[in-house]
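Q: So you can see what is in the structure, the chains are spelled out below.
Number of protein chains: 2
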Amino acid sequence: MKIKKLKQLLIKIFKKNGLGNVHSSISANALINAELVGAYAHGLSRLKMYCDRINKKVINPKPKIKVKKISQSISYVDADNSIGFVAADIGIKKAIENAKKTGIGLVAVKNSGHYGLSGYYAEQAVKKNLITMIYTNAPPAVAPHGALKSLFGTNPICFGAPTGSKIPFILDTSISMINRGKIRVAARNNQKIPEGVALDKFGNPTIDAKKALAGVQLPIAGFRGSGLAWMVDILSGVLTGGNHAGKVKDPFDDFSGPQNIGHLFITFKTNLFVNNFNNRIKNNIKIIKKLPKIKGIKEIMYPGQNKYIRFKMNSKKDINISEIIKKDLKLLMN
Amino acid sequence: MKIKKLKQLLIKIFKKNGLGNVHSSISANALINAELVGAYAHGLSRLKMYCDRINKKVINPKPKIKVKKISQSISYVDADNSIGFVAADIGIKKAIENAKKTGIGLVAVKNSGHYGLSGYYAEQAVKKNLITMIYTNAPPAVAPHGALKSLFGTNPICFGAPTGSKIPFILDTSISMINRGKIRVAARNNQKIPEGVALDKFGNPTIDAKKALAGVQLPIAGFRGSGLAWMVDILSGVLTGGNHAGKVKDPFDDFSGPQNIGHLFITFKTNLFVNNFNNRIKNNIKIIKKLPKIKGIKEIMYPGQNKYIRFKMNSKKDINISEIIKKDLKLLMN
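Going down the list, the protein sequences come from chains A and B.
Under this note's numbering, residues 551 to 884 are what the first sequence spells out, in order.
Under this note's numbering, residues 551 to 884 are what the second sequence spells out, in order.
When chains are identical, the list treats them as one kind, so a pair holds in a single copy or across two.
Simulated crosslink set (DSS-like; lysine-lysine; CA at most 25 Å straight-line):
no., residue 1, residue 2
1, K839, K751
2, K619, K678
3, K839, K797
4, K699, K848
5, K799, K840
6, K751, K799
Read the hints as simulated data drawn from the structure, not as lab findings.
Isolated chain A (complex conformation) (with noise of 0.2 Å):
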C-alpha cells in the first residue's frame, strides 16, 4: 500500500474511533514510522489494541492534557489517559522548547499508555540539535535478577545525539535480550525466538514464542541489566508519578483500566561546553569507523545508522501488508 494512503487509512480509523483530528494524525504518523524503520513489533500489529483500548474506554480519546510549568526547564504533563503516542508528542516537544530556552529541559509524564517506540521522540529533539534521554517503562516481561517471577518491562533506555551529519546517533535499547514485541510477532507468526533469552513459566529455558509469552524474559547482563530496568522503572514510574513495580496493564491482555505509564525526558543543548561539538562528534566517529574490523563487519555502525537507512530505503517503497494486517484494518473500517 502506498505510505500517503496507509495514512489516510489510518487517520480513518483513528477518528472513526473518536480520536480528534490532530491526535488521529499524530498516531498514524508514528505506526508508519515504525514500520519504514522495520521496528514492525510497534507498528500496524499494535493498531487493533489500540482501537481496542479506546473502545473498552482505558485509553481517552479526547484528553484534556495538562501541562504544568515547574520551572522554565522543567514541565509536568498529565495526559489524562490519551493514547500515549499525543502524550510523548507534547512531552518532547515540551522537552525541546525547555532547552532552547534555557540550555536544558527535563519533562516528566504521567497518565500516558504505550508511545511506541523511544527513538521516534529522540529524533525529533536531535533534528533540533540536542542531546536527549528518553525513559519509560512497559508491562512486566523481565525478572529482576534473583526473582522466579516478571516485573520489570522491557523497559528501553533510549539517547540521542546530533552527528554533524544526516544520519543522527540513536541508541534505543530495550534492557531485554529480546523485545517483546518480537516475540509477540515471533507468537503471532509461529516462529521460533533465539536460545538464551526467555524462560517459560516454569523456569526452563524455551524457543518458543508463545511459551516465552507467559514465562519470564531475561534481562541483558544479569544483575547489570536488571539494576538498568530498575532504574527506568525509578525515573519513568516512581519519580513521574505514573505505574511502577510491575502496575503497568499489559495492554493487549488487561482492559482493567488505563495503562498510567509514565516518561522522563531529558534535553539539552550540544554547545553549552564546548562550541565545535558537531566537529568533535564527527571526529569521534570518523575514528571508530577507522578501526580494524572482524572478519564479514564491511563498517562499524553508530546505533541508529541502520534504522535510519531501512527508513529511507523503505520511504521509497510501498509498506508491506500481512494478511493477518489486512484482516485487522478490514475489521476496524467496518
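For chain A, the structure is supplied; the task is to place chain B on it using the hints.
A: Chain B alone, transformed into the frame defined by chain A:
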C-alpha cells in the same frame, strides 16, 4: 591498619607529593572508601600510580580549577589536570548546589583524571535527597561492536536515588563484562579471570589476566553494551571538551601527558513531580523484594545494597594491607 591511621598516612604521602591539605584529604577519603566497599581495584592499588603521575607532572598537584557558571542550573569545570578525586568532588558539589537552587543541575568537567568509583560521588547527591546520573570515560579496554581493537573505556553508567531508608539505590555498572581494575588485580596476584569476558590480542578467548590486559575486553550484551559505551564517550568526552574516541591515556602505562578525562554530573530533586517520592520508592522496593526467588537466593538486593553492607561491616574493622601495598606505602614514604 586502623582506618584513622591509614588516612593520616595517605594524607602524608599525598602532601609529600605536593598536594595541598584539602586535596590530600579528599584523595585519601576516596581511596579508603574504595577499600571499605571492597572495590580494591579503585583503592590502595592505585596509590603509587597517582604519585607517579604527580611526579611525572601529568597530574597537577596545585591546579587552578576554574568553575564557570553557564546558568543557574549549568556549570562547567576546568580541572586544570588536578587529581580526578578533586575534580569530581567539585563537580558533584556544584551539581548538588545547582539542583538545590533550581530543581536540576548539569555540570561538565574537563581536564580531569581517573576519579575512582562513580558511586562514591552519586552517594553525595543522594544524601542530599537528589537523584543523580554520572558519566565518565576511561582508557581503551572494550572493542566497539564489529571492531577488532579496544577503543571504549569500561565507561561506567551510574545512577543514584534516595530510597527513603539509610541504604541508597546506587547503580554503578561498567559496560564491560568485568571491570578492568579487577583484571589488573588478578594479573597482579596471578589469578585467572572468568570465561567470556575478554579476548587476547589475537582475538581469541582467554582466562589469563595478563593476556586479557594486552587484548580486548568484551562489552555486555554485544551491540547494546557497545552502544551504551559509545553514549558514555559522547556524554563525558565529546560534550565536555574531554578526551574521547580512545584518546584517554592509560594512567598506569602512559605518562606522555595528562589524561584529560571528562565527567558529566546530572542531578535533580525527587519532589519535582510527586510529593511522596520516598513512600513511592519504599513501596517499589518492598514489592520487588517480595517476589518469589530463585533457589538459593535469600533476598533480592537493589543496586548499592551489598556495597553498603560491606562498607558498614568493613568500617568497624582494621583495613587489611597486602604485602604488595605495604611495599608501595614504604616506598612512597621514603
